Each structure stands twice: as structure tokens, then as C-alpha cells.
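Colleague: Heads up: the sequence lines are chains A and L, in that order.
Here the first sequence is numbered in our numbering, starting from 10 and rising by one per residue.
Here the second sequence is numbered in our numbering, starting from 782 and rising by one per residue.
Just so you know, these hints were derived from the structure itself, not from any lab.
Treat the numbers as computed from the prediction; the structure is a model and nothing was measured.
Quick reminder that beta carbons are idealized off the backbone N, C-alpha and C, glycines included.
Worth double-checking, as some hints may not be accurate.
To give an idea of the chain L side of the interface with chain A (calculated C-beta under 7 Å), a few residues [unchecked claim]:
1) Ser790
2) Tyr792
3) Leu817
4) Ile823
5) Ser826
6) Val832
7) Asp835
8) Met840
9) Gln868
10) Ala869
In silico DSS-like cross-links for lysine-lysine, where the CA-CA straight-line distance does not exceed 25 Å [said to hold, decoys possible]:
11) Lys22/A / Lys799/L
12) Lys814/L / Lys95/A
13) Lys800/L / Lys24/A
14) Lys28/A / Lys95/A
15) Lys814/L / Lys12/A
16) Lys819/L / Lys799/L
17) Lys27/A / Lys800/L
18) Lys836/L / Lys83/A
19) Lys824/L / Lys84/A
20) Lys800/L / Lys12/A
21) Lys92/A / Lys819/L
22) Lys794/L / Lys92/A
23) Lys12/A / Lys22/A
24) Lys89/A / Lys784/L
25) Lys867/L / Lys822/L
26) Lys824/L / Lys867/L
27) Lys867/L / Lys27/A
28) Lys24/A / Lys836/L
29) Lys824/L / Lys22/A
30) Lys84/A / Lys794/L
31) Lys822/L / Lys784/L
32) Lys12/A / Lys819/L
33) Lys836/L / Lys92/A
34) Lys27/A / Lys784/L
35) Lys22/A / Lys836/L
36) Lys867/L / Lys24/A
37) Lys27/A / Lys794/L
38) Lys794/L / Lys24/A
39) Lys794/L / Lys95/A
40) Lys12/A / Lys89/A
Residue-level listing of the chains:
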Amino acid sequence: MNKSELIEVIAEKSKIPKKRAEEAVNLVFDSMSQALVRGDRIEIRGFGSFVNREYESYTGRNPRTGESISVAPKKLPFFKVGKELKERVDGEEEASGTTSTSSAESSESSNY
Amino acid sequence: MTKADLVESIYEKIGFSKKESADIVEMIFDTMKDTLEKGEKIKISGFGNFVVRDKRPRMGRNPQTGQEIMISARRVLTFRPSQVLKQALNRDGLS
Chain A
10 MNKSELIEVI
20 AEKSKIPKKR
30 AEEAVNLVFD
40 SMSQALVRGD
50 RIEIRGFGSF
60 VNREYESYTG
70 RNPRTGESIS
80 VAPKKLPFFK
90 VGKELKERVD
100 GEEEASGTTS
110 TSSAESSESS
120 NY
Chain L
782 MTKADLVESI
792 YEKIGFSKKE
802 SADIVEMIFD
812 TMKDTLEKGE
822 KIKISGFGNF
832 VVRDKRPRMG
842 RNPQTGQEIM
852 ISARRVLTFR
862 PSQVLKQALN
872 RDGLS
């Protein structure tokens with residue numbers, strides 16, 4: 010699904026003109042981008058959260074030529090999937106993997 | 782930023798009612814969740830892609846006790862930010 014398909018679904022479900030749905034969908038993602046640019050954290054309950062992670066400069070290598078290059082410090086947005094969506098995406102595994110899931114989750118959450 | 786802020790900005794900038802704005806925001810994330818649940822990816826140009834990936838089972842370790850455990854096969858969601866968003870984040874303070 011891409012953005013125009015999402016816009017079509019929203020227009021249909023909410024019975025608003027496609028043009029208006031397009032404005033709304035664009036505004037949502039623009040607002041989210043702007044929040045991240047400001048350094049704000051985004052938290053959408055049931056979906057997930059976005060937070061910037063800062064990376065220091067490091068010396069990397071061009072994997073093709075082996076040449077050393079210095080990588081400038083940078084910020085990258087990091088998405089952490091929310092509990093509800095995480096479980097829905099992983100739907101089929103729920104019954105078999107409960108014990109390992111919970112232990113993996115607790116070790117994961119301690120990292121954040 | 783939360784859903785309430787998104788609702789507020791739709792209400793202010795596009796002129797839907799509060800109720801309509803709230804419904805639209807809810808609908809956007811519900812639609813995305815339904816799509817991802819089906820295993821389908823979502824590409825939002827200028828923002829990024831949400832991709833569902835299948836992970837194979839692997840051995841893991843409880844970092845607290847050192848005990849080895851089997852991590853079952855699972856499906857996970859990853860977000861890949863678009864080039865545009867990455868550039869926007871790094872525009873100031875550099876160069």
C-alpha cells in the first residue's frame with residue numbers, strides 16, 4: 010500500500026472527497042516529519058513511537074573498494090512498534106511462542 | 782507528539798470538525814495496522830516504508846542469567862525512513 014492507496018481508503022471509509030482526504034493524510038505525515046525535525050518524540054498509542062537516535066561520527070569503509078571514509082555524525086528516526094501492532098503483525102505465532110516472546114521482550118525493553 | 786496533536790492540526794489547518802478530524806486520524810492508523818497485519822508493506826513517500834519481515838527461529842540468551850533459550854520464528858515490523866526525512870533531520874548543524 011502506498012500513500013495514494015491509503016488516501017483512497019480514507020476517502021471511501023469516511024465519505025469525504027478524495028482531495029480533502031489527501032490534504033489530511035499529507036498533513037499527518039508532514040506534521041510527524043516536522044515533529045522529528047524539531048526533535049520531538051511521536052507516540053501513537055497502539056501503533057508505535059518514533060524517536061531520533063543520534064550517531065557519532067565514525068570511520069567506515071566503502072565495501073566495494075575497501076577505501077576508508079569518515080562518516081559524519083547524524084540523526085536517524087527510530088521506530089519502536091507498539092504492543093498491539095507488534096502482536097497483530099506476529100499473529101500466527103502467539104500460541105507457540107509465548108514464553109520465548111515474553112523473555113525476548115523484557116530483555117529488549119531494558120535496552121530502551 | 783500524540784494523536785491528539787495530529788487531530789488538532791487537521792482541525793486547525795484543514796477545517797474539519799473536531800469529531801471528523803479525530804475520526805480521520807483514527808482511520809489512518811487503523812488502516813495502516815490492518816494492512817500491516819496482513820503482511821503487506823506500506824510506502825509513504827517522503828516519510829518512509831513500514832515493512833513486515835519474517836524472522837527465522839534462533840538461539841538467544843537471557844542476558845541476566847546467561848541461560849540459552851530458543852527464540853521462535855516470528856514476524857516483525859520495521860520502519861525504513863525515507864531519504865527525504867533523513868536529510869530533513871540532518872539539515873541544520875551540518876555542512
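Colleague: Are the hints correct? Go through all of them and say.
Modeller: These are the hints, each one checked on the structure:
A distance limit of 7 Å between C-beta atoms decides the matter here; for Ser790/L the minimum to chain A is near 5 Å, and the interface restraint holds. A least Cβ separation of about 10 Å between Tyr792/L and chain A goes past the 7 Å threshold, and the interface hint is therefore violated. Residue-level restraint check for Leu817/L holds (minimum Cβ-Cβ distance to chain A is 6 Å; threshold 7 Å). Residue-level restraint check for Ile823/L holds (minimum Cβ-Cβ distance to chain A is 5 Å; threshold 7 Å).
With its C-beta approaching chain A no nearer than about 6 Å, Ser826/L sits inside the 7 Å limit, and its interface hint holds. Because the closest C-beta pair between Val832/L and chain A is about 11 Å apart, greater than 7 Å, the hint is violated. A hinted interface residue such as Asp835/L counts as satisfied when its beta carbon comes closer than 7 Å to some beta carbon of chain A; here the least separation is about 10 Å, so the hint is violated. Taking 7 Å as the C-beta contact cut-off toward chain A, the hint placing Met840/L at the interface is violated, the least distance being around 10 Å.
This hint is violated: Gln868/L has a C-beta 10 Å from the nearest C-beta of chain A, more than the 7 Å allowed. At about 5 Å, the closest approach between the beta carbon of Ala869/L and any beta carbon in chain A falls short of 7 Å, and the interface hint on this residue holds. Note on Lys22/A and Lys799/L: the hinted pairing holds, with a Cα-Cα distance of about 17 Å set against a maximum of 25 Å. Proximity of Lys814/L to Lys95/A is assessed by CA-CA distance (about 10 Å); at most 25 Å being required, the pair is judged to hold.
Distance restraint check for Lys800/L and Lys24/A: the Cα-Cα separation of roughly 14 Å lies within the 25 Å cut-off, and the hinted pair is therefore satisfied. For the hint linking Lys28/A to Lys95/A, the alpha-carbon distance of about 32 Å lies beyond 25 Å, and the restraint is violated. At roughly 14 Å between alpha-carbon atoms, Lys814/L and Lys12/A fall within 25 Å of each other, so this suggested pair holds. Note on Lys819/L and Lys799/L: the hinted pairing is violated, with a Cα-Cα distance of about 31 Å set against a maximum of 25 Å.
Only pairs whose Cα atoms come within 25 Å are accepted, and Lys27/A paired with Lys800/L is accepted, the gap being roughly 18 Å. For the hint pairing Lys836/L with Lys83/A, the CA-to-CA distance comes to about 28 Å; that exceeds 25 Å, so the pair is violated. Among the hinted pairs, Lys824/L with Lys84/A is consistent with the structure: their alpha-carbon atoms are about 21 Å apart, no more than 25 Å. Distance hint between Lys800/L and Lys12/A is fulfilled; the C-alpha atoms sit about 23 Å from each other, no more than 25 Å.
A C-alpha spacing of about 17 Å is found between Lys92/A and Lys819/L, which places the hinted pair at or below 25 Å, so the restraint holds. Restraint check for Lys794/L and Lys92/A: the C-alpha separation of about 31 Å exceeds 25 Å, so the hint is violated. Annotation: proposed proximity of Lys12/A to Lys22/A holds, straight-line Cα distance about 15 Å (limit 25 Å). Between the alpha carbons of Lys89/A and Lys784/L the distance comes to roughly 16 Å, so the proposed pair stays at or under 25 Å and holds.
A distance of roughly 20 Å separates the Cα atoms of Lys867/L and Lys822/L; the hinted pair therefore holds under the 25 Å criterion. For a cut-off of 25 Å, the pair hint linking Lys824/L to Lys867/L stands: about 15 Å separates their Cα positions. With a C-alpha separation of about 29 Å, the suggested pairing of Lys867/L with Lys27/A is violated against the 25 Å cut-off. Taking the CA atoms of Lys24/A and Lys836/L, the gap is near 39 Å; set against the 25 Å cutoff, the hint is violated.
At most 25 Å may separate the alpha-carbon atoms for a hinted pair to count; Lys824/L and Lys22/A meet this at roughly 20 Å. A hinted pair counts as satisfied when its Cα atoms are at most 25 Å apart, and Lys84/A with Lys794/L does not qualify at roughly 29 Å. Of the supplied pair hints, the one linking Lys822/L and Lys784/L holds, its CA atoms being roughly 22 Å apart against a limit of 25 Å. Between Lys12/A and Lys819/L the CA atoms are separated by roughly 17 Å; this keeps the pair inside 25 Å, and the hint holds.
A distance of roughly 18 Å separates the Cα atoms of Lys836/L and Lys92/A; the hinted pair therefore holds under the 25 Å criterion. Between Lys27/A and Lys784/L the CA atoms are separated by roughly 22 Å; this keeps the pair inside 25 Å, and the hint holds. Of the supplied pair hints, the one linking Lys22/A and Lys836/L is violated, its CA atoms being roughly 33 Å apart against a limit of 25 Å. Taken as a hint, the Lys867/L and Lys24/A pair is broken in the structure, with Cα atoms around 34 Å apart against an allowance of 25 Å.
With a C-alpha separation of about 17 Å, the suggested pair Lys27/A and Lys794/L falls inside the 25 Å cut-off, and the hint holds. As the CA atoms of Lys794/L and Lys24/A are separated by approximately 19 Å, the hinted pair is consistent with the 25 Å bound. Using a Cα cut-off of 25 Å, the hinted pair Lys794/L and Lys95/A is violated, with the two alpha carbons roughly 32 Å apart. For the hint pairing Lys12/A with Lys89/A, the CA-to-CA distance comes to about 21 Å; that is within 25 Å, so the pair holds.
Violation of the numbered hints given earlier is confined to hints 2, 6, 7, 8, 9, 14, 16, 18, 22, 27, 28, 30, 35, 36, 39; the remaining hints are satisfied by the structure.
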